[in-house]
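Residue strings, one per chain:
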Amino acid sequence: MSKEPSITRILIDALKPRDVTIVEIARSLISLDRISRVEINVAEVDVRTETLKINIAGSNIDLKEVEKILEKHATVIRSIDYVVAEK
Amino acid sequence: MSKEPSITRILIDALKPRDVTIVEIARSLISLDRISRVEINVAEVDVRTETLKINIAGSNIDLKEVEKILEKHATVIRSIDYVVAEK
Amino acid sequence: MSKEPSITRILIDALKPRDVTIVEIARSLISLDRISRVEINVAEVDVRTETLKINIAGSNIDLKEVEKILEKHATVIRSIDYVVAEK
Amino acid sequence: MSKEPSITRILIDALKPRDVTIVEIARSLISLDRISRVEINVAEVDVRTETLKINIAGSNIDLKEVEKILEKHATVIRSIDYVVAEK
Amino acid sequence: MSKEPSITRILIDALKPRDVTIVEIARSLISLDRISRVEINVAEVDVRTETLKINIAGSNIDLKEVEKILEKHATVIRSIDYVVAEK
Amino acid sequence: MSKEPSITRILIDALKPRDVTIVEIARSLISLDRISRVEINVAEVDVRTETLKINIAGSNIDLKEVEKILEKHATVIRSIDYVVAEK
Amino acid sequence: MSKEPSITRILIDALKPRDVTIVEIARSLISLDRISRVEINVAEVDVRTETLKINIAGSNIDLKEVEKILEKHATVIRSIDYVVAEK
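Each protein sequence line maps, in turn, to chains A, B, C, D, E, F and G.
Taking the UniProt record's numbering as reference, the numbering of the first sequence is continuous, increasing by one, and the terminal residue is 87.
Taking the UniProt record's numbering as reference, the numbering of the second sequence is continuous, increasing by one, and the terminal residue is 87.
Taking the UniProt record's numbering as reference, the numbering of the third sequence is continuous, increasing by one, and the terminal residue is 87.
Taking the UniProt record's numbering as reference, the numbering of the fourth sequence is continuous, increasing by one, and the terminal residue is 87.
Taking the UniProt record's numbering as reference, the numbering of the fifth sequence is continuous, increasing by one, and the terminal residue is 87.
Taking the UniProt record's numbering as reference, the numbering of the sixth sequence is continuous, increasing by one, and the terminal residue is 87.
Taking the UniProt record's numbering as reference, the numbering of the seventh sequence is continuous, increasing by one, and the terminal residue is 87.
Just so you have them, the derived chain G footprint on chain A, three or more residues with Cβ under 8 Å:
no.: 1; stretch: 4-12
no.: 2; stretch: 72-85
Computed spacing ranges between beta-carbons, pair by pair:
no.: 3; chain 1: C; residue 1: Glu4; chain 2: G; residue 2: Val45; range: 51 to 57 Å
no.: 4; chain 1: G; residue 1: Glu4; chain 2: D; residue 2: Ser59; range: 50 to 56 Å
no.: 5; chain 1: D; residue 1: Pro17; chain 2: G; residue 2: Ala43; range: 51 to 57 Å
Simulated from the structure, these hints should not be mistaken for laboratory data.
Cβ coordinates follow ideal geometry from the N, Cα and C atoms, glycine included.
Chain A extracted, bound-state conformation (with noise of 0.2 Å):
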């Protein structure tokens, strides 16, 4: 565990446009330096959008950073549901 306090985990309620695959999202975040994990899952499914629960790890997570990717695939974080904190 780094010395250094750092955000580790974040859980992301987002909502994103079908004509967008999970695995584009994935594999954008997972080019971001501090995330050494992406798991989307795919929570609801409506005629226009789909609910995804991002579930990313890594060390120091910066959330502006991940919001940025997102918006590059059209999606909204709607809330951040789950956060872990260590050092």
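With chain A's structure known, arrange chains B, C, D, E, F and G on it following the hints.
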């Protein structure tokens, strides 16, 4: 864990005709280089089709390759329900 | 894990007559070279038949061989519900 | 695991009279050479009988021997619900 | 595991008066040589009595000895629900 | 495990006034020599009282000592639901 | 385990305004010396507030310090549901 960021798990919801067995599909998918493990579960049985949950593990999984294999077995991807990316 | 891609797990839903015991079936199946473990669960009991869940583990399992063994015990495969392929 | 294929687990559903204790039955069964562990659970209690789930582990378990022991305790096998064969 | 076949676990359903504490019963039972662990759970509470689940582990447990101890605490065995024999 | 038979776990159902915090109670209990771990769960909240499940682990736990500590915090033992004795 | 008896886990039920993110709260809490891990779960979402379950692990946790941090984020402790003390 390989340093290269890569898709290591995909859960696919697919529809296959009843005369194709999941053993044939599993055998074809496992022959792809980047795939190390394939798990296929018959989730639902209808008159002419069966709904499959295809759980694929590997390193740097290529969704296009997977789609081609499934097409050979007249099997259609309905959605991608879960994905993991790691590095 | 053997480098050769192979079927290592099959879950079979089968129907057997009531006068055949699952001990006899298990003993016959385990005698096949490529099979290392057989688990048989009686899922349902009807007047003349019993529904079995036959969980077979091994390496490079041959479905044809398994079918022949079951036929000797007047047992019919209804469906293959689950399969794992590995390498 | 012994190279010889053998029955290593059997789950028996049996019916015993209420004046026989499961401790006596367990003590008799464990005295059989090939049996290493016996677990008996009282699943149901009726006016004159109790339904038992008898879980037997061992190597090369002989069903005939088990039946003889149970008969000595006026206990009848109703069905064999689960079996494992290994090598 | 001792080579001698022996009863190593018994689960007893018993009835005790409310003014006896399960701590006293546990202390008496653990003083028996062959018993290594005693777990007592209060399953039900009635006006004058409490139903106990007494889980006893040891080697070569002697049911008669256990019964005598419980009698000293005015506690009656209603049934033996589970037993394990090993060697 | 100490050779001396001893009470190593007690689960107490207790009632405390709302103005006493479970942190104070836990701090007092852990100061007792024979206690190594204290877990307090608020099971129910009423207008003036809270029902606690106090899970105490240690070696040779003395129930009298525990009762004295709880009395200092105006907390009353309603029942002892679970106990473990070991040697 | 430090020989000094100390509070090592606290589960807090708290209420925060919707415009404060749990990431900010987690980052502030983890900066406290004695805290090694903070887990925040959004249990309920109302029009103006969110109910949080804040799970704090550390050594010799000081509740006063925690309260001060939460106040800075306009977050109110409603109850302490669970505590562990160890030595």
